[in-house]
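Undergrad: Read off the chains here:
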Amino acid sequence: MLMPNENRANTSPAHDSLKRGYLRLGFELDSEGRSIMRHWERRAPLIVQQELYFDRVWEELPCVYILSSGGPSLEGDHFRHHITVGDNAYAHISTGAATKLAPTPSSYSSLEQTIQLDAGAYLEYLPEPTIPCRNTRYVATNEIIIDPSATLFFAETYLCGRRYYGERFSYDSLSLLTRARRGDGEELFCEKMVIEPKQSPVTVVGQMADYEIFATALILTPHASAEAIYQQIPSRIDSANRTVVAVTRLPNDCGVMCRVLGCESGDVKTILREICSTVREQIKQRPLPKEFAWR
Amino acid sequence: MSDKHLSPLLLLMQLSDSALPVGGFSFSNTLESAVEYGIVDSEESLMEFSKALLQQSATTDGVAALNAHRAARKGDYQSIIRCDKALYARKINAEQRLMSQRMGRKLAELCANISGSTLLRRYCDDTSAAHTYAVVQGVVFAEYGLAEDELFASLCYGTASMVLNAALRCMRITHLQTQRILFSLAPHIAPLYREIAELDIDNMHSFSLQIDALSALHEKSAKRLFMN
Chain W
176 MLMPNENRAN TSPAHDSLKR GYLRLGFELD SEGRSIMRHW ERRAPLIVQQ
226 ELYFDRVWEE LPCVYILSSG GPSLEGDHFR HHITVGDNAY AHISTGAATK
276 LAPTPSSYSS LEQTIQLDAG AYLEYLPEPT IPCRNTRYVA TNEIIIDPSA
326 TLFFAETYLC GRRYYGERFS YDSLSLLTRA RRGDGEELFC EKMVIEPKQS
376 PVTVVGQMAD YEIFATALIL TPHASAEAIY QQIPSRIDSA NRTVVAVTRL
426 PNDCGVMCRV LGCESGDVKT ILREICSTVR EQIKQRPLPK EFAWR
Chain D
2 MSDKHLSPLL LLMQLSDSAL PVGGFSFSNT LESAVEYGIV DSEESLMEFS
52 KALLQQSATT DGVAALNAHR AARKGDYQSI IRCDKALYAR KINAEQRLMS
102 QRMGRKLAEL CANISGSTLL RRYCDDTSAA HTYAVVQGVV FAEYGLAEDE
152 LFASLCYGTA SMVLNAALRC MRITHLQTQR ILFSLAPHIA PLYREIAELD
202 IDNMHSFSLQ IDALSALHEK SAKRLFMN
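In order, the protein sequence lines correspond to chains W and D.
Numbering-wise, the first sequence is residues 176 to 470 according to the working numbering.
Numbering-wise, the second sequence is residues 2 to 229 according to the working numbering.
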């Protein structure tokens, strides 16, 4: 199922110029025990420069920003990320700016991510929000393969559209799948959201209500850390700032998930960074630094 | 009416009865939090909330139940277990998972004891199974010879009656109002069935973020009359 339009890829008028961005990033420990980006393969329009060590609180942490030189994701664009973090390695990945999803009148665009964490690995994946514009169809698939001793903080944020242009859930459809499993294939959890605001309004009780932004923070980590993190993150509804933070334990004892709802991207980002900081303090005994003023 | 028609009808009524001893009265399906935070405070908002729960239930539990029903009709035990594991892995919220498993185990034990079905007995005794409620319902209905649409109707009725019965205990609402809501929800069931009837287990999906958040909020809530 998902979306009937998935079969219409070849009818896209943009088919001839579509982009097939590919990114493979592999982090490992070097001979001195420092985490480095050992493997680094990229296909335009995706760009990743050499890893930088700019984290003021954790100077050994390799930080990478994923950029796209092609502007928004256009009809027929299909991007793939393959990220691996080897034994005991660690990394922080973000994006340079929000990802805009341009209208896809006849087809769709997609992102397929595979994230693999080996024993003792640690990855923070905290990209800027995704903005689905009017008449967009988009499919995102996140496949996570994680060792029981590794820790992954994985966040994603979706706005309701470009509010400046009056867009509020005026996209056609988002199909968002996130699935995690162990190396032996054991499925840990799976979540598939299909959002079709034109078929069925989402600004109703039980779905988005009067919130405009949703974000999910997945924290996959061993049991003891997951319990400590679960206890430290307060679930709350903040009526003044119109935000919701709700934390729950995931199936198969694989970690916890935080759902964040809000109306301003800055508020949601602040909450996600607080959660990420809680995770980092629990696992690596240091907080997330203050965000750069220009971000 | 002949026995041929009466017996399945009576079975359907028995399995759909809110008094079926599977523990449904202990759960509010997130309504308790919705009332606490003022999201549900009237007949109208309860109606909308119930519709959202039905939609969520149809696209997840409904899909799993129908697929389990088909597997059970074929005697395909491995496919039943696959449905069970898949639904469990998609129950992201801890208390929703707890509800599904507790009620599922109760229903499996109950029906394995009263029916004499070897398939149900095997499933009930399988300690590696998750025993999610919707999948157990699928197997039970198949073993009793009840049809897929009857299964789906019973599943939706169970979702609605659970939240409406909980409403009587946690908000200011009358029996008359909850029965009016139940009556008004009926026309929504057939379109939901058409929407999900052909979906396979990999295409279970949902988009009910406020319900998810309410479920998670309930976990740490100080006021807890219900288990979810």
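It should be emphasised that the hints constitute simulated quantities derived from the structure, not laboratory data.
Check before you lean on any hint, since a few could be wrong.
[Stated by the list, open to error] Okay, the calculated bits of chain D under chain W, using three or more residues with CB under 8 Å as the criterion: (1) 44-52; (2) 76-82; (3) 87-94.
Please read all numbers here as calculations on a predicted model, not as lab measurements.
From the three backbone atoms N, C-alpha and C, an ideal C-beta is built for every residue, glycine too.
Undergrad: Next step is simple, just say for each hint if it's right about the structure.
TA: Structure-based check of all given hints:
Coverage of the region 44-52 of chain D by chain W holds. Counting CB-CB distances below 8 Å, 4 residues qualify, and the rule asks for three or more. Residues of the region 76-82 of chain D with a Cβ under 8 Å from some Cβ of chain W number 0, which does not satisfy the need for three, so the listed coverage is violated. Chain W is given as covering the region 87-94 of chain D, and this holds because 7 residues of the stretch bring a CB closer than 8 Å to a CB of that chain, at least three being needed.
Against the hints set out earlier in the document, a violation occurs for number 2 only.
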